[in-house]
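Chain by chain, the residues:
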Amino acid sequence: MSSSIPPLNFQDLILRLSQFWARQGCVLHQGYDLEVGAGTFHPATFLRVFGSQPWRTALVQPSRRPKDGRFGENPNRLQHYYQFQVILKPAPDDVLETYLASLAEIGIDPAEHDIRFVEDDWESPTLGASGLGWEVWCDGMEITQFTYFQQIGGIELRPISAEITLGLERIAMYLQKKDWFHEIEWQTGVSYGDVHKRTEVEFSRYNFELADVELARASFTGFEREVKALLAADAVLPAYDHTLKCSHVFNVLDARGALSVSERTAMIGRVRVLAKACAQAYVAKYCAPPADPGGSDAAGTGTGR
Amino acid sequence: MSHDLLLEIGTEELPARFVAPAMEALRERVVALLDEARIAHGTSRSLGTPRRLTVIIEAVADRGEAETREALGPAASVAFDASGAPTKAAEGFARKQGVAVSALTRVATDKGEYAMVRVTREGAHAAAHLAAKLPGRILSVPFPKSMRWGDPEISFGRPIRWVVALLGDEVLPFSLGPVASGRATRGHRVHGGAAPIPVDGVASYLAALERGGVVAEPTARRGAIEQGVAELARSVGGRAVPDPGLLDEVTFLVESVNPVLGSFEPEFLEVPREVLLTAMRVHQRYFAVEDESGKLLPHFVTISNTRVRDPQVVRHGNESVLRARLADARYFYEVDRKKRLIDRLDALEGVTYHKKLGTSRAKVERIRHLAARLAPALGLADLAVVDRAALLCKTDLVTEVVGEFPEVQGIMGGYYAAADGESPVVADAVREHYLPRFAGDSLPANDIGAVVGLADRLDTLAGSFAVGDVPTGAADPFGLRRRALAVIQILLARGWRLDVGQALGWAVSGVAFALDRAAADVEGSLAAFLVGRQATLLSAEGIAADVLDAAVSGGHTLDFVDAARRARALQDWKGYPEALDLYRAARRIANIRKGQPETVAARPDLLTEPAERRLVDAVERLGPEVQALADETRYTEALEQLRALRDPVTAFFDTILVMADDVTLRHARLALLDSVAALIRVVGDLTKIQLES
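Quick mapping for you: the protein sequence lines, in order, are chains A and B. The numbers in my numbering rise by one with no breaks, and the one at position 128 of the first sequence is 120. The numbers in my numbering rise by one with no breaks, and the one at position 193 of the second sequence is 259.
Note that these hints are calculated values from the structure, not bench results. Please note that a few of the clues may not be correct.
Using 25 Å as the maximum straight-line C-alpha spacing, the simulated DSS-like pairs for lysine-lysine come out as follows [unchecked claim]:
#, chain 1, residue 1, chain 2, residue 2
1, A, Lys268, B, Lys404
2, B, Lys404, A, Lys59
3, A, Lys59, B, Lys421
If you want the footprint, here are the derived chain B segments under chain A, 3+ residues with CB under 8 Å [to be verified]:
#, stretch
4, 209 to 215
5, 255 to 267
6, 362 to 375
7, 379 to 386
Virtual Cβ for every residue (Gly too), placed ideally from N, Cα, C.
In isolation and in its complexed conformation, chain A is listed as follows (with noise of 0.2 Å):
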């Protein structure tokens, strides 16, 4: 069907997206309203693929990756991109059906292109979180991360999430066959490089060398112990909100080069102790203990979802 049609342009693709795995019962979410790094620091999944209440959501992400930024002026990298996130807990049967689906609905059909699973297991030691999956290919390019959960912050899941993770502007790219991410038309008349150009420009000047060191350094300091004082105070979620917080600092602070070798190590050591200690005060407080039979958590409600 879709290769007579038109590529879509980037809201259509989003759209698209949107509407099918809506009609997978997906709960469709907005992107988290902080700076991460990725889908998976989204509380709806970070936190919701805890515990055994069934759970579907898809959104698009923007995410910022400071270090990757280079001034708008390569072809494919970027230091804020968009992930379109899915994640079904638990992962059915038909799971990579459903997903090969999905991109015959974006234009990419099976039956005219070459897709691939190949071995990618994910890990996060940020996070201490670990899956097991595929990247997967079309036409020897990676489109898609593909993970079965198996740990996050560091407590063993049950059952298992699927996790879909889609670098939009790869596809895009490969769909509309632009070489420059700029040159993706975004709306009929508008580009990518018509939205964006400009973010990445001031961003990666930002990030690379206006970015106040001094104050970046306070910050970290002052968002941890917001978590921990918040944690203390039994306020789960705002808590996670300053881990990310936390997060996001350290990634400018990386980009700025102001941190040493082992000053980056124990950095990261204190943002896995924080999401870690977010995700086990989830745990307790919204989801039955996985061992109890037919105990289901109470984080559909506990959230004002």
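Keeping the supplied structure of chain A fixed, place chain B upon it in accordance with the hints.
Only chain B this time, still in chain A's reference frame:
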């Protein structure tokens, strides 16, 4: 009656490296299951793709063979009364064995007469046995990494989505977690259609897979890939760069073989060959193409898993991915050449080698110091060249190309060093100090690379042992066994007579700051670890570990070239008719010596018995000869001479009582035996060789 057994575990895409070992492990487990229950069967084979592990066993008997065993009961005197009637004890025994008391008989044993019964157990029904036991066996197939999923939760290399289990045309009913066995297989994701395909036996299964677009036989896929790649390479006037490892990997990345030729801009060929190869084979799993002279051509072959409607789409997609990678590589290569390697030393300060062992810059300094001591010890004259090579050997770690393609570390250093105007021998050494990188890899061709490589590895070994990062069991996360083996291989290949104990002392002193126990302990463990690696190396020549142990236990300096020669001579020695007697003599002397004064006065003048005289003469005659041969490392000849010691030693022990009452005489005899023992140990400690099983 017998039927063919078909077992297919349908999975989501297994990692390529998992499939072949898992196929074989599954086949072994199913065969063992049949054998354990004495169920006769014909030949077995396994098939596999990323999406299925299949075992086919021909002519599986419907039942196992019956088993008869004899169960011994109470003594006959207890089991039967005076009239021969069974007692309560006999009844209890019969009940326990599940037989009538009348079935008991008497049997004579070494310990007297006993009650006995023959119990015959019917053979198991194959179908019931398999259905009961297969789940456990299937789920015990080992994987390098397993994942959990499903409800009930199970664990496997990747999720299991269907199971075909047929004995003849009957389903063997069982469950693996949430999946129930059945008769429905599935074809290729695209070519096989969405619906499960029911099968009723091996033949219909194989036909279904073929119709479903799956080449299930790995050797058939491998052959098709090899042929397809060769044909496309020929079509552009070239040949495939041989790459058996890639061929194996791609064989297990696809279920259907559809070769596609792609090309890239010839300008990219100015990037070093190794970088291009890495981008193609490691990152993209493409086969590279070269001309008759071995020069790369701007083409590649990829194997599509799908027979797509328009192969040009796949071709263009892959070409643009490779173009982006090569453009990066060329850009990095150009950027890298703007800064000399020597100017990158400071940047190594920013690379952590190990959290307890410091930065890569610190490691470079240790390599330099160690190389500066090793080089003269190995007879190398040009110390300035050694030092330059050591100084530069890790600088390419902070180049862009190595950052992007870590596989070409060393190789890029070699290119950049040459471009910087370093001497060719230094450039070669920077490249070669990493050799050998894996089993079967080539060794350094030049002395400088070899000595820098030794220094690098000895430092790594010493550092890892110092901080306690030592291999345990199968786990060797830091590759220390491989590195230790490389040290020995380099020394042997170059015939370098290195005093290993001394070299380890230097290496450990370099990491003294990180030691968590006494330096001597670490040196001792390292020496034992290295000897263990040499044992592995020598076992390939048929030399057993005990022989090497004897070769390094004679109290002489540890030197692997020498140890190998000694071990080879001792291996031959094991076959001599005199070996056993001399081995016993050596052990006997060691026993006699226990508890006796360490030094005893030699008084040959007191040894007047004929057997004593004969042994004294033999030692005086053989001693200097054997020692002289050993000094020239002519160990085989030395041991050959030693054979003559057998008869005098045997005669001595036959007729002489060493432990004479007279202390002076006793000591004189012990002194003689000490000289015999020393002679026997000239090549190695013969008592370490296991001659008596």
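Between A:Lys59 and B:Lys421, does the CA-CA distance stay at or below 25 Å? holds, 23 Å
Residues of the stretch 255 to 267 of chain B with Cβ under 8 Å from chain A, three needed, outcome: Result for this restraint: holds, n = 3.
So is the stretch 209 to 215 of chain B in contact with chain A by the C-beta rule, three or more residues under 8 Å, or is the coverage claim wrong? Per the Cβ count (4), the hint holds.
Is the Cα-Cα distance between A:Lys268 and B:Lys404 25 Å or less? violated, 45 Å
Count the residues of the stretch 362 to 375 of chain B with a beta-carbon closer than 8 Å to any beta-carbon of chain A: does the count reach three? holds (count 6)
Is the Cα-Cα distance between B:Lys404 and A:Lys59 25 Å or less? holds, 23 Å
Under a C-beta cut-off of less than 8 Å, do 3 or more residues of the stretch 379 to 386 of chain B approach chain A closely enough to confirm the stated coverage? Check passed, 6 qualifying residues.
The structure fails hint 1 only (numbered hints given earlier).
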